[in-house]
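Asks: Take a look at the letters that make up each chain.
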Amino acid sequence: MSIRLLTLLLLVAQLTLGLAALLVLLIFVMHVIQGGPFTTNWPVSASATVASFPLAHDGGTIRIDHGTLALNGQDWRPEFAQLVCVWIFATGANVAIQRLKAVLAGVSAGKPFDEQIVRGLRLIGYLLLGWVVLDIVDALIVQPLILSTAQPASGAVALGASISRLEGVEPAQAFRMDFHLDFLKIASGLFALALAQAFAIGKRLSDDNEAIV
Amino acid sequence: MPIVVTLDVMMARRKMPLNVLAERVGISVPNLSLLKTGKVKGVRFQTLDAICRELACQPGDLLEFVDDPAAE
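In order, the protein sequence lines correspond to chains A and B.
Quick note on the numbering used here: the first sequence kicks off at 19 and runs consecutively.
Quick note on the numbering used here: the second sequence kicks off at 15 and runs consecutively.
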């Protein structure tokens, strides 16, 4: 795959990310203007179950479909929290893609051992590790916000956090919000940092070589 | 650095211009200029060999050790 094609794909990814983030913002603004209901989505540990149940005190509804929980409630905070997380992710991803494009441009220009490339790769590594932290923060903020809103009207249905024990309900009616650490992101971040270190060593060797006649 | 390059002295003695020596040694004029002014980290034996051959001198005629306790 040529570097020009890769750069083009990165540009497409950047545009897609920007549009998606803008769309999420517009949807939230529309929900605010309409006065609700606000929607939030989160993965749940329920395989192919499709269920829909109302919330207590006419607070809205929850729909669980193929491992995804869709909350339709009057509380704006879960959707807002998710919007903030989406925007933080989109900003980080945009910076990472921008740096990756600069790295590719440097490599294609025949200057792989440039200080800018080393710094770019290092930043990409930190951003990938930051993505894992963002996932954790997202789970720590959005999960409790959804759970504080989503109180099922019927006692026969239970919804809990990913580490909760749901007792007293049928196993088919117990839904646990899903969360797991993505080790691929951690490995990718560490790999980018190692690559940055290798390029930094390469730059030092290149500088030394240039200073010897 | 306590190593002082005295290439300019030897070039003046042999009346050898920079561009001529650079061409004969096989390195660029800017690189030879950097070597002459002592702004390099190292010299390859290959380069030293070619310079000594062209200037008919010893490596000791091109490099000098000057002990400078203040630099340490």
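To be clear, the hints were calculated from the coordinates, so they are not data collected in a lab.
Hints may contain errors.
Dumping the calculated BS3-like pairs for lysine-lysine here, alpha-carbon to alpha-carbon at most 25 Å [unchecked claim]:
id : chain 1 : residue 1 : chain 2 : residue 2
1  : A       : K129      : A       : K119
2  : A       : K119      : A       : K221
3  : B       : K53       : A       : K129
4  : A       : K119      : A       : K203
5  : B       : K53       : B       : K29
6  : A       : K221      : A       : K129
7  : B       : K55       : A       : K221
8  : B       : K53       : A       : K221
9  : A       : K129      : B       : K29
Here are some chain B residues pointing at chain A (derived, C-beta under 7 Å) [unchecked claim]:
id : residue
10 : V23
11 : R27
12 : I41
13 : S47
14 : L49
15 : G52
16 : V54
17 : T61
Pairwise CB distance ranges (calculated) [what the hints assert, rightly or not]:
id : chain 1 : residue 1 : chain 2 : residue 2 : range
18 : A       : A216      : B       : T20       : 36 to 44 Å
19 : B       : L48       : A       : P130      : 47 to 55 Å
20 : A       : D225      : B       : A64       : 54 to 62 Å
21 : A       : V113      : B       : Q60       : 42 to 50 Å
22 : B       : A64       : A       : A123      : 50 to 58 Å
Idealized CB from N, CA, C, for every residue including glycine.
Asks: Hints first: check each against the structure and report whether it holds.
Replies: Comparing the hints with the structure gives:
Distance restraint check for K129(A) and K119(A): the Cα-Cα separation of roughly 14 Å lies within the 25 Å cut-off, and the hinted pair is therefore satisfied. Restraint check: the Cα-Cα separation between K119(A) and K221(A) comes to about 19 Å, which is no more than 25 Å; the hinted pair holds. Between the alpha carbons of K53(B) and K129(A) the distance comes to roughly 23 Å, so the proposed pair stays at or under 25 Å and holds. Simply put, K119(A) and K203(A) have alpha-carbon atoms about 20 Å apart, close enough for the 25 Å limit, and the pair holds.
Under the criterion of a C-alpha separation no larger than 25 Å, the hint pairing K53(B) with K29(B) is consistent with the structure, at around 22 Å. For the suggested pair K221(A) and K129(A), the alpha carbons sit about 10 Å apart, so the restraint of at most 25 Å is met. Restraint check for K55(B) and K221(A): satisfied, since their Cα atoms lie roughly 15 Å apart, inside the 25 Å limit. Among the hinted pairs, K53(B) with K221(A) is consistent with the structure: their alpha-carbon atoms are about 19 Å apart, no more than 25 Å.
Proposed proximity of K129(A) and K29(B) is contradicted: the alpha carbons are some 39 Å apart, above 25 Å. Interface restraint check for V23(B): the shortest CB-CB distance to chain A comes to about 18 Å, outside 7 Å, so the restraint is violated. Because the beta carbon of R27(B) sits about 21 Å from the nearest beta carbon in chain A, more than 7 Å, this interface hint is broken. Evaluation of the I41(B) hint against chain A yields a held restraint, the C-beta minimum of about 6 Å falling below 7 Å.
Interface restraint check for S47(B): the shortest CB-CB distance to chain A comes to about 10 Å, outside 7 Å, so the restraint is violated. Hint status for L49(B) relative to chain A: holds, with the closest Cβ pair at about 5 Å, below 7 Å. Using the Cβ-Cβ criterion of 7 Å, the hint placing G52(B) at the interface with chain A is not satisfied: the shortest such distance is roughly 11 Å. Taking 7 Å as the C-beta contact cut-off toward chain A, the hint placing V54(B) at the interface holds, the least distance being around 5 Å.
Interface restraint check for T61(B): the shortest CB-CB distance to chain A comes to about 6 Å, inside 7 Å, so the restraint holds. Separation of A216(A) from T20(B) is about 39 Å and conforms to the stated range, judged on CB atoms against 36 to 44 Å. Judged by the Cβ atoms, the range 47 to 55 Å given for L48(B) and P130(A) is violated: they are separated by roughly 24 Å. Here the CB-CB span from D225(A) to A64(B) is close to 24 Å, at odds with the stated 54 to 62 Å.
At roughly 46 Å, the beta carbons of V113(A) and Q60(B) sit within the given window of 42 to 50 Å. Between A64(B) and A123(A) the CB atoms are about 38 Å apart, so this pair departs from the stated range of 50 to 58 Å.
Consistency with the previously given hints fails for numbers 9, 10, 11, 13, 15, 19, 20, 22, ordered from lowest to highest.
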